[in-house]
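Assemble the complex: chain A is given as a structure, and chain B must be docked to it using the hints.
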Amino acid sequence: MIHARGLKKSFKVKRETVEAVRGIDLDVDPGQLVAFLGPNGAGKSTSLRMLTTLLPPTSGTAVVAGYDIVKDPVEVRRHIGYIGQKNSAGENFRVRDELVTQGCCYGLTRPEARRRADEILDLLSLTHLAKRGSNTLSGGQRRRLDIALGLIHQPRLLFLDEPSTGLDPHSRADIWAHILRLREEHDMTLFLTTHYLEEADNMAERVIVVDHGRVIADGTGEQLKKDLAGDHVTVTLRDHTESARAAEVAARIASAAPEIGADGLTVRVRVPQADIAMAELLRALENADVKALAAESTRPSLDDVFLALTGRSLRESDTPGA
Amino acid sequence: MKVIRDTRTMFIREITPALRQPVGLLFTMGQPLLFLFLFGPLLAGNEMFAAQGEASAWQWFVPGILIMMCITGPMMAGYMLLMELVGGSMERMLVTPMSRTAMMIGRTLKEIALLLVQAVLLIGLALPLGFRLYLPGVLAGLILLVVLGVGLGAFSFALAIASQPGGELFYMVTQAVMFPLILLSGMLLPLDSGPTWLQVLGRINPVSYIVDAERMLFAGTYANPSVLYGSAAALLIAAVGVTIGTRSMRRGI
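Chains A and B are the protein sequences, given in the same order. If you read the first sequence in the UniProt record's numbering, its first letter stands for residue 1, the second for the next number, and so on. If you read the second sequence in the UniProt record's numbering, its first letter stands for residue 1, the second for the next number, and so on.
In isolation and in its complexed conformation, chain A is listed as follows (with noise of 0.2 Å):
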């Protein structure tokens, strides 16, 4: 569905080259959901605006539906629904009236475009908003009007850039259970943009994580924890003789090194699996006559891969103005 090849994005500001897009390959397979995960400003949305031909990339290749984006941008644009970080609706538009102009957009005749903007808003739960002017919905509202109007040609590939940023989380819940549904019904390539872990995690099949205009890592979430950051048990003991004590035990269970606490009384060790080891490292140290107050296991989120691949990590980096 996507093959890219290179592709890069320069801008100049005052004089300056910045480097959005610093040389992007990336194939996503048909049917996949694809999250692009990473900071403000790693040049997530500058590479979706390439691939979806809103903007013609510094260098590089990319095959979007099928077309190139450079030689065939109409093409793809026929091929392909985009959601925008902002509100698609014109402000002083009807609900209706722009599904209705979205339709003759990709080419259908009047008539047939009100009749695909009915079956929309119906299959958004529209309906009883149709008349009202885009400026008077809730943010909620106007996002599944967003959907609708990047559905309205039914693409088999959607990108999705930031689809719930600022929205509370009722209305997070209901537009991904919209977007869920309609990709199961029609069969779409889903390639979304999004700063919040949660999102990325529970939502795709396959993360990417993008850092400074590269991509860093790509896999699904359970394989980039796993092989990035790795399950954790931290026991916490009396005194320094257990902690190092402990340390020696953790050791042969563990799958690197065991580090010790700051305070030298806990003792914190990467293992493959934390919840089958968390109970065979308390054995271990009840055999080895160390007494153990505490125990804990953790299992890693995608900031924890972020984290192990950056040293930064991503909710700090996304602090405003980050």
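Since the hints were derived computationally from the structure, they do not count as laboratory data. Fair warning: this is a prediction, and the values are worked out from it, not measured in the lab. Backbone N, C-alpha and C fix where the C-beta goes; we use that ideal spot for every residue, glycine too. A hint or two may mislead.
Claimed, not checked - Quick look at which bits of chain B chain A covers, simulated, 3 or more residues with Cβ under 8 Å:
no., segment
1, 15-27
2, 82-91
3, 95-101
As the list claims (entries may be wrong) - Residues of chain B clear of chain A, computed beta-carbon distances all greater than 10 Å:
no., residue
4, Leu33
5, Leu116
6, Val117
7, Phe179
As the list claims (entries may be wrong) - Counterexamples of contact, computed for chain A against chain B with all Cβ distances above 12 Å:
no., residue
8, Gly6
9, Asp25
10, Thr101
11, Ser125
12, Asp146
13, Asp174
14, Asp218
15, Leu228
16, Ala294
17, Ser297
18, Leu307
Chain B only, in chain A's frame:
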């Protein structure tokens, strides 16, 4: 043809909200009428026109007002575009296969359509005041208006695109350009009575040639050099505007 169909789509999209809100439309339409009724009588009563009779003031004033509408209306088209660029609706349409040129023409045509209705309304209301209608001249004058409107509309689109994302540039330039263009064209008051430097500035302003031409045409005079200069000025503005507008639309937003 695709471009024509897309232009139609865009035109219908743009004109629909106006048609759906007739009250708002009435107010937009009404504004030039304020000039006609609140400013026009000042001219008609002025000694400048008194010698030639009151009707001559209307003959002089109506074409000027039309050109003024033609400057403010299409300039606002850029403002609407800017709003859509700042929001996401323009981006959404740019990802559809719709022709970029059609997006621009469709928007301009909406302004032109409103402009022509306003013009007819204005002329109709000026008739009982003593305005004399030379139909071929008025029709030619309206064509001149359309040409100027297309050019200015395209300019304002290009400006809107260049003003992203904040839009400050748009406000700065329109404010800085619009009023001098209007004031230095003699469309509201004759420049002849002003000091020489003001008259020189007026001669530099291309719009003043168009105003002169429009007045000639509305007076039923066709074979006059002013008509030629005015048409040339309007065509020049249109050609440069459309070239710049289309280029900035293509270059990506």
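Results of checking the hints against the structure:
For a cut-off of 8 Å, the count of residues in the segment 15-27 of chain B with a CB near a CB of chain A stands at 3, and the three-residue condition holds. Residues of the segment 82-91 of chain B lying with their CB closer than 8 Å to a CB of chain A number 6, which satisfies the three-residue condition for coverage. Only when three residues or more bring their CB closer than 8 Å to a CB of chain A does the claim for the segment 95-101 of chain B stand; here the count is 4, and the claim holds. Every CB of chain A lies more than 10 Å from the CB of B/Leu33, the least distance being 24 Å, so the non-interface label holds.
Separation of B/Leu116 from chain A is adequate, the least Cβ-Cβ distance of about 22 Å exceeding the 10 Å criterion. Look at B/Val117: its CB is around 19 Å from the nearest CB on chain A, clear of 10 Å, so calling it non-interface holds up. For B/Phe179, the shortest C-beta to C-beta distance to chain A comes to about 27 Å, beyond the 10 Å cut-off, and the non-interface label holds. With a minimum CB-CB distance of about 20 Å to chain B, A/Gly6 clears the 12 Å threshold, and the non-interface call stands.
Annotated as non-interface, A/Asp25 keeps its C-beta farther than 12 Å from every C-beta of chain B; the closest such distance is 23 Å. For A/Thr101, the non-interface assignment is contradicted: its Cβ lies about 4 Å from the closest Cβ of chain B, within the 12 Å cut-off. Listed as a non-interface residue, A/Ser125 keeps its Cβ farther than 12 Å from every Cβ of chain B; the least gap is roughly 21 Å. With a closest Cβ-Cβ approach of about 8 Å to chain B, A/Asp146 is found to fall inside the 12 Å limit, against its non-interface label.
Its beta-carbon lying about 20 Å from the closest one in chain B, A/Asp174 satisfies the requirement of being farther than 12 Å from that chain. The beta carbon of A/Asp218 sits about 25 Å from the closest Cβ of chain B, which is more than 12 Å, so the claim that it is off the interface holds. Separation of A/Leu228 from chain B is adequate, the least Cβ-Cβ distance of about 34 Å exceeding the 12 Å criterion. Remark: the non-interface label on A/Ala294 is consistent with the geometry, its nearest Cβ contact in chain B lying 51 Å away (cut-off 12 Å).
For A/Ser297, the requirement that its beta carbon stay farther than 12 Å from each beta carbon of chain B is met, with the minimum near 44 Å. Taking the minimum C-beta to C-beta distance to chain B, about 32 Å, the non-interface status of A/Leu307 holds against the 12 Å cut.
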